[in-house]
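Given chain A, put chain B in place with the hints provided.
Here is what each chain is made of, one letter per residue.
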Amino acid sequence: MANPSLEVVDVAVEFSGLRALNGVSLTLSPGEIVGLIGPNGSGKTTMINAITGQVPLAGGRVMIGNKQISGLTPREVALQGLSRSFQIVRLFNNMAVLDNVEAAALAHGSSLRAARAKALTLLDGFNLSHRADDLGGSLSYGDKRRVEIARALAADPAFLLLDEPAAGMNEAETEALLHILAALPRSRGLGLLIIDHDMSLIMRLCDRLHVLAFGKTIAEGRAEDVRKNPAVIEAYLGSEAIRA
Amino acid sequence: MTFALQFLIDVLSLGGAYALMALGLVIVYGILKLVNFAYGELIMVAGYTLFLVGGSGLPWLVMAAVAVLMAVIAGILTDYVAFRPVRAKSVTAVLITSFAFSTLLQNAALLFISPRPRNVPMPAAFSQTVELAGVITPVRNLITIAAAVVLLGVFTFLMRRTVLGIAMRAAATNFTMARMLGVPANLIISSAFAISGLLAGIVGILWIGRIGTVVPGIGNEPLLVAFIATVIGGMRSLGGAVLGGFLLALIDTTLNYTLSQELLKFRDAFTFSLVILILLWRPEGLLKGPATGQRT
Numbered sequence: 001m002a003n004p005s006l007e008v009v010d011v012a013v014e015f016s017g018l019r020a021l022n023g024v025s026l027t028l029s030p031g032e033i034v035g036l037i038g039p040n041g042s043g044k045t046t047m048i049n050a051i052t053g054q055v056p057l058a059g060g061r062v063m064i065g066n067k068q069i070s071g072l073t074p075r076e077v078a079l080q081g082l083s084r085s086f087q088i089v090r091l092f093n094n095m096a097v098l099d100n101v102e103a104a105a106l107a108h109g110s111s112l113r114a115a116r117a118k119a120l121t122l123l124d125g126f127n128l129s130h131r132a133d134d135l136g137g138s139l140s141y142g143d144k145r146r147v148e149i150a151r152a153l154a155a156d157p158a159f160l161l162l163d164e165p166a167a168g169m170n171e172a173e174t175e176a177l178l179h180i181l182a183a184l185p186r187s188r189g190l191g192l193l194i195i196d197h198d199m200s201l202i203m204r205l206c207d208r209l210h211v212l213a214f215g216k217t218i219a220e221g222r223a224e225d226v227r228k229n230p231a232v233i234e235a236y237l238g239s240e241a242i243r244a
Numbered sequence: 001m002t003f004a005l006q007f008l009i010d011v012l013s014l015g016g017a018y019a020l021m022a023l024g025l026v027i028v029y030g031i032l033k034l035v036n037f038a039y040g041e042l043i044m045v046a047g048y049t050l051f052l053v054g055g056s057g058l059p060w061l062v063m064a065a066v067a068v069l070m071a072v073i074a075g076i077l078t079d080y081v082a083f084r085p086v087r088a089k090s091v092t093a094v095l096i097t098s099f100a101f102s103t104l105l106q107n108a109a110l111l112f113i114s115p116r117p118r119n120v121p122m123p124a125a126f127s128q129t130v131e132l133a134g135v136i137t138p139v140r141n142l143i144t145i146a147a148a149v150v151l152l153g154v155f156t157f158l159m160r161r162t163v164l165g166i167a168m169r170a171a172a173t174n175f176t177m178a179r180m181l182g183v184p185a186n187l188i189i190s191s192a193f194a195i196s197g198l199l200a201g202i203v204g205i206l207w208i209g210r211i212g213t214v215v216p217g218i219g220n221e222p223l224l225v226a227f228i229a230t231v232i233g234g235m236r237s238l239g240g241a242v243l244g245g246f247l248l249a250l251i252d253t254t255l256n257y258t259l260s261q262e263l264l265k266f267r268d269a270f271t272f273s274l275v276i277l278i279l280l281w282r283p284e285g286l287l288k289g290p291a292t293g294q295r296t
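Protein sequence lines, in the order shown, are assigned to chains A and B.
Just so it is clear: in the first sequence, position 44 is 44 by the UniProt record's numbering, and no numbers are missing.
Just so it is clear: in the second sequence, position 261 is 261 by the UniProt record's numbering, and no numbers are missing.
If you are wondering where the hints come from, they were derived from the structure by calculation, not from laboratory data.
In this text, a Cβ means the ideal position worked out from N, Cα and C, and glycines have one as well.
Treat the hints with care, as some may be off.
Quick partial rundown of chain B residues pointing at chain A, CB under 8 angstroms, derived from the structure [to be verified]:
| hint | residue |
| --- | --- |
| 1 | ALA133 |
| 2 | THR173 |
| 3 | ARG179 |
| 4 | VAL183 |
| 5 | ALA185 |
Okay, chain A solo, but in the shape it has when bound (with noise of 0.2 angstroms):
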């Protein structure tokens, strides 16, 4: 039997009565690359939020299996095996960036030698280890993300959630960083979400899309197929895309 899936079911969120999402269902399975897009207030991080439980459902549930995700505490959540990155990069800035990554590991059951190793493995898979005695805000904007995507992979996640990954990285970063990202469904086993403006690594990297526009889905589906859905093109690729 194959790990169980992540799936989230009809979820609603409200913002003091607006619906920021409304009623949005998706699957991510160990092992696939799903790309989470749509235009700006669609609802995407907000979807990351909620499948975390960051904010409150309004509706709907989030399931690991058969083991219902929404409505507990946030450590709960983490130890079920969902790991998340943030919009704005979170590190903890007056820590060692080792440390950053070596505390996720510890939450985790980790003993400190196994964290330390771990997290300096980790380090070195992202080109860091040269920083991992800087604290944690003295690093440039690309490297806190690839510190922070490293700290989420220290909790060894069965699934993992990044909000903009490549946001602030330069092309030759944002190249690497796809590499990197491309190869842990494999070597982890793990189902990655990802929410990216960057539509050419989005396209390069995603097995599947899912498209959100005003918090719903407009489209679900293989990324070559959601790419010329009419409805997508009018929501959010725009006419740039229709020339294309």
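What follows is chain B alone, placed relative to chain A:
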């Protein structure tokens, strides 16, 4: 030369006590961004425990250990009684509950023990003096310095090199993020209160050892000292609290040496004037700590 040494011992012993008091307050503040106004009562609890076990005939160190243990338990109790039920609500609510808990404990001591000072057993060393390079100084000052050095060292090691320390630093920087990574929030907060109680218990015994008696309001001055030290040092960093403690002791000691007899009555007025000047110069305290001072 002897004067310099005398001055140094006075500053370090007073500063060591102040620094430990401040550290005990800021360890909780760092994580919750809430001041525990019942902090002084942890010192009171240690004092009265020492008084109550005074006639037991146990070795003094055992009695002192029991007193510190009770302060730790009182610290954890503060979390459960005054903080946890209202923690997620408003800051005002916790302000009131921690004041209420403080008043409750003080009045319990008034009611069940006595409003009058009670003698606590202290080892003879606390009232002896020793000559050190021509300077006659009370032994308790040297004990205080030694205790401060050891505790600050242990504390630094704990925060840097242990699982609990790393988790607590993460929680102090960004509590929400730490929770999302899987750091157990309640355990971390209770641990902070326990450490707060440990520091209050030890510094309480040293503090009470200077006068040898305990009264219900014994914790008021240490709370004030700790609060001022953390404010001038920087409420957001542990190092700031220690620095603030030593700085406050330097100010107090300097004033003790320089003010005339008539003016010495107003020493606190001078101290607070200087504190105000420091805050005008650096409103956020001397050391800027991690992240924001906001609750996360």
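So, against the hints stated earlier in the document, which numbers end up violated here? Violated hint (a single one): 1; every other hint is consistent with the structure.
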